[in-house]
Amino acid sequence: MSVPALISYFRGYLTITVTGRFCERFINVCAGRKILLWDIKKISPYSVRCKISVSAFKKLASIAYHTGVAVHINIKHGFPFFLRKYKKRKIALFGALIFLIAVIAANQFVWDIEVRGNYKIPEEKIITALNESGLKIGMPISRIDQQELKKDALLKIPELAWLWVEKKGSKVIVDVREKIEVPEMFSPSDYCNIVASKDAIIENMTVKNGVPVVEKGETVLAGTVLVTGKIPVPAKMLDRYVRADAEILARVWYDRREVFSKISTTRHETGNTKNHYTLHFLGKDIPLFHKNKSPYKEFDVTEKRYTLFGLGFTKKSYEEITLQEEFLSDGSVADFGAAQIMQKLEEEVAPNSTLKSSEVSYTVLNDSTIEVCVKAEYLENIAIAQKEEVPEGLN
Amino acid sequence: MKRRKTAKHNIPKKIAKTLDIPEDILFDIPRITMMSNRELRIENYKSILEYESDKISLSAKEMMIELHGADLDITIITDEEICITGYIVSIEFSKLRS
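The listed protein sequences correspond, in order, to chains A and B. Under my numbering, residue 395 is the last one in the first sequence; the count climbs by one each step, no gaps. Under my numbering, residue 98 is the last one in the second sequence; the count climbs by one each step, no gaps.
So that you can see chain B by itself, here it is in the shape it has in the complex (with noise of 0.2 Å):
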């Protein structure tokens, strides 16, 4: 039963990587660009879960980002993308608790 559960996620995916699309467009997966450790910029991100200046916490699909740094500011943010700077020091990836 969960074998075939994967197999059955998996497809999508199958086409994606032999149709050569990239998967961010195809399934809401977060894009990440980085300015060296001054600025970020998030594509498909869910919510801000929590903002502190050195801290900010975002959800994303299936995932849970988490930045570490100084005077984070976020200079831009829209129901997309998402552009935060200042001294970025670190970058967790978890798994979101639901």
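Chain A extracted, bound-state conformation (with noise of 0.2 Å):
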């Protein structure tokens, strides 16, 4: 609709027929005194019709009767005749009044809360603190204090960094922000081991600070000091102590068995897909024609939720897929063990290792079953630190 459409629809006008012999007399007089007339059309010799505005309507009168012509009304379009015609309908009127008190009224109170930025911490854990400080489903939203809920909650939460409540509309969103942990600082002063990570055979020993306890094709456990950060002064008679630091490349071996299944399963769609509808409203679930169980055995499920004013709507969509098994070879089995173990393997070893040999092997336990076993050599930096408490009275 385009504007001066839309402004006629709102001011209302009428479709007319004027009749009579001196229609163009009329359109003319029309014209000269501003009446505007559109959409003007012949539709007999003798008949035009034509729309005109309900207030130049008023005017006609005289022009028609001086130029000998008759007018009737046939239509009457826009929203004053919409209005009156509803006019007479008070209960309808009176639907529609408690409607929009509804609607305003509804949009006073929290319908529903929404975290956002949460991590690591839970959403209920959120939400349980800032219920207890006060905010609740259900309350007005102008008695939300924004500052006082933001102090409280981040005084019951220590993990978060910032908070903020924000009122959109109905709906509450909390924005947070989780605090970064702050990684155990040593400080160059204090007194600290270098200990073995793991059990390994030393093959060479870079020492930075400290004196070196074990030498090189050295065996060592978990555990063991390797540099210790005391050291002796002998001509003050008493120790010194401090950080100690090296990089101790050691070989460590590792032996990893896992079993893994030979029958691999692929799942397949099978077309059919069903979806169920639930409705959620003041906590509530109501599920629309459906017992809230699965229609099929084997199935994908995705879910769909939208909400408005607190009043949720969930489109639960199930597509039915069928299993399918299927036997692998010993020797892919193996492989595909083999590389699932290493990239685990990866993971455990320290950084900027150094894979020196590996070797795979399998046993066949039953038909559907092999456990596979890796034997590892990595060449890794097995330094670790570790604080010491300086012993009393020295130093």
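Honestly, the hints are just simulated from the structure, not real lab data.
Cross-link-like lysine-lysine pairs, in silico, DSS-like; alpha carbons within 27 Å at most:
1. A:K51 - B:K46
2. B:K55 - A:K41
3. A:K120 - A:K344
4. B:K55 - A:K34
5. A:K34 - B:K61
6. B:K55 - A:K51
7. A:K41 - B:K61
8. A:K59 - B:K46
9. A:K41 - B:K46
With the Cβ distance kept under 7 Å, some of the chain A side facing chain B (calculated, not the full set):
10. W38
11. I40
12. K42
Virtual Cβ for every residue (Gly too), placed ideally from N, Cα, C.
Could you fit the two chains together into a complex? Lean on the hints.
So, in structure tokens, the structure goes:
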């Protein structure tokens, strides 16, 4: 609808029929008196249909009389006529009014709380903390004190760095930022030993600070002190305590065994789908024409949720699938298993380690399972700093 | 005598020509705009003389404009401008008898 059409709709306009021998004269006089006519159409030799605004129509009587034509109203268009039609229907008007009031009233309350920006802290924890601080579903929006909530919630959940409660219509959005964990800090003056993180044979040692306790080629167990931060000072007859620092490259052996199944199941869609709709209202779930049970034995499910004024609506789509079992050869399962074990190992070893050698073997346990065994040798840095307490009365 | 009259009449026209002013602004000469053969707009018309769905006659300054066609509707009419839509077949100009 164009803007002039919209304006004429709100002001109201009429479709009229002008009948008479001098329709042209009638149109000319209207044009001369600045009465706007539009969509003029000749419908028969002696009659013309046209449109005219309601206010201009009142001036037509004298023109029609003087030009000798008869004017009839055919259709009344526009909002004023629509309103007039409903003026008599008091109950409908009353209903519309009540609806309006209900919508406005519903907007004054909190219907939904949404938490954004949390990764580690569960949403329920934040919401319960806010509930205790006074933010509840169903409370008036105007009574939310954002500053107070922020202070309260940040005190209750120490893992949070920042929190802000934002009002958005009838919805409350809680925006949070989590604290990043501060790594354990050693100050350079602390007394520290270097210990072995794993059982290993020492290949190479680079000591930057402290006194080495072990030697090259020595076999060490996890937790053995490799480099001590206690430096004896013979001249003064006492010890100096420093922070030991070293890079110790050692050969570490890993032996990993895992059982893998020879059966691989693949999922195929059958193409059958079924949608379940659920209504959520004030914390209650109302299933619509279903019993909250999957219609299929094996299925994939996708869920979509919409909310409006605390009225939630969930669409659950079930897709039926069939499982197909397949036997794999021993070799391929062993390869797959070895790759998986190696992947886990890579995460376990210290960064910048090098793989020296690896060996894969497998034993068939029964018809459907295989045990894969991986032996791997890594050259890795096994040094870890361990903080020690300086003995009393010394230093 | 006759020569004088035409010369006198031509003076404003000449001024308009030298000053490069469009003539339809100075004198009530009809300005006709057409969009293909579907829409026709005439500014500075005087009145409708005849209106049928296949023929419209208009009077303008010193001339009569006659449109022939089919389904001719007047979409808008004001005291200065008239807009006609439909299938226009021909436009005829003739000297207005007065």
